[in-house]
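Chemist: Same order as they appear, the protein sequences are chains A and D. Quick note, our numbering runs 519 ahead of the 1-based positions in the first sequence. Quick note, our numbering runs 919 ahead of the 1-based positions in the second sequence.
Don't read these hints as lab results, they were simulated from the structure.
27 angstroms max Cα-Cα, derived DSS-like pairs, lysine-lysine:
| # | chain 1 | residue 1 | chain 2 | residue 2 |
| --- | --- | --- | --- | --- |
| 1 | A | 614 | D | 997 |
| 2 | A | 662 | A | 614 |
| 3 | D | 1261 | A | 614 |
Computed from a predicted structure; not experimentally measured.
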Amino acid sequence: MSNAAVLVRRLTKIYPLPFRRGSVEAVRDLDIEVSPGQVYGLLGPNGSGKSTTLKIILGLVNPTSGETRIFDQDSREVASRVAVGFLPENPYFYKYLTAEETLRFFGRLSGMHGTALRSRITELLEVVGLTGARDRRLSTYSKGMLQRIGLAQALIHRPQLLILDEPTAGVDPAGSREICELIVRLKNDGITILLSSHLLAQTQEICDRVAILSQGRLVREGSLMDLISRRGQLELVLENAPAELLKEVEALVTLRGGRVVERRQSTNSLEQLFLEATAKRTGQK
Amino acid sequence: MSDPSQTSTRTDSVPNSSAIESESSAVHRASGSDPKTLTNRSAASSTPSRNSFGYRRFSPRRIATICTNTLTELTRLKVFYFLLLFGLLLIAGSVFLARFSFQQEFQILKDVSLGAMSIFSSLLAIVATARLIPQDIEDRTIYSILAKPVPRFEYLLGRLGGALLLLAIAILAMSALFLTVLYVREHSVLNETARQMASAPAEQTNQALQAVRASGLNPDLVPVIAIIYIKACLLAALTLFVSTFATTNIFTVMVMVFVYFIGHLQGTAREYWLHEHGADWITRVFLAVVALLFPDLQAFNLVDDAALGHAIPLMIFGKIAALGMFYIAVYTAMAGAVFSAKEL
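Here chain A stands alone, though its shape is the one from the complex (with noise of 0.2 angstroms):
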């Protein structure tokens, strides 16, 4: 018995080569365990067996050992995914679809219909800022876009694991942020979220722990702040701070026994400047 989100024990995947060539292992002994309300992330190179464990939580893909579990019940089991909501990387919906039947599609395959999923399908139309094409046809949505009507389709049947596989690849650095931000709203709801990603910063910024895998191998895992906060060391930020005041602290810094082992100029972040830069523009347009 787990409370565990998801559990996966010495999972191994090997897919063999065609014309018995040989074989290659996609993830080899892997142990995690996300905790529900958790932002995890999934760390790791190309090829590194991100996506394949993230199949085989999803029942897509057959581990050739170990288990996988999501809210203790075994994930080859279909009724798991009542309690799952998906993001593939790049989305790619039935394009002759609006969102709204999009949407109703995914919904009455989680077993929804009526009055419940056509207010569900509106209120989330809204949190993904896509009530004004509610009607148009996906074929003529942008990249960003299709990536927010993908995380509606997940998020159609309230599920309380969102697996997400890139979700901000291909997005802009202002579509990007938001649905960071919607991540974060949904981890606030008590969403647990498992996610993959490439982009390091975001990835920081929104989860509480991470699993690094390198060739299909886990290589590091753990709380986010255990794994990269520096021993012993603590950043100080300071506002119009004199300069004698800074060499008064470091003066006393070092009468106590520690040591200023850096002392630089505050910076903004380059997606901060990029954002306020493309909001003025966009504002007086």
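Model the placement of chain D on the given structure of chain A, informed by the hints.
Modeler: Chain D in isolation, oriented as in the chain A frame:
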């Protein structure tokens, strides 16, 4: 860029619990969201029914959803309209074919029209069904669908159901045109016959009119059209099975064209084999396997009988329909078995 008034200083030997707290609140600041507002909003929207949708192992509603979506998808394909148009043109054009007597006219009309229905519905079954699964896998739409609580077999049934609905629409459209053309021609011939035999005795006139009606539009055509539909469904089910292990549409279509020709020839080949080699048990098993892999499509060809005006006995119709259903069930089950183990 940088804020000149801010300076960052990093020092050693400091516990970091406060850093965790400040990091946590920084997330809210960075995202520009107000946690309280979001919680309230989401609580209002999500509390009543989170995960309260009961999961059923088998749901006709889910199958119907995939089925109607498949039908929508297929009716947007140009190939559907091309094939339907060719079929309709051929049926309409058969009116202008050479004729020497009304029997010949009706025979040609039935032969050409039912033949066109059979060929175009078979082609449509293969072309439309071949793309369904490979396209979903290539576009990764299948991930979003199967990540919902949808068993793979339901997905397959829904996809097949959509294709069968499309075939039903195509055959209904072609049948409607065919029967209308036949009805119009029959009435035209009836009027002409009645006019020509105006001076003949009533009994003789009635016999002539009866002969026209017998070779024109009659209920015997319905089972023939039904068998054409069942044959198209069989081909759709077999195409679906092939597409579960094929990687491209082209491969599936090529295999199915091959199966189509073998299927039409295998009945004759079987009779020749049995005649030449006898019927020991090895031969019987071999022929059974061949018959399963390549369905005897010639058994579903009742067009010639219908054109000649032969009625199809109910027993024969029942047997052929049951054979078709058996094939459809077997191929669908085989598709389900392959697809359930498929790595996506």
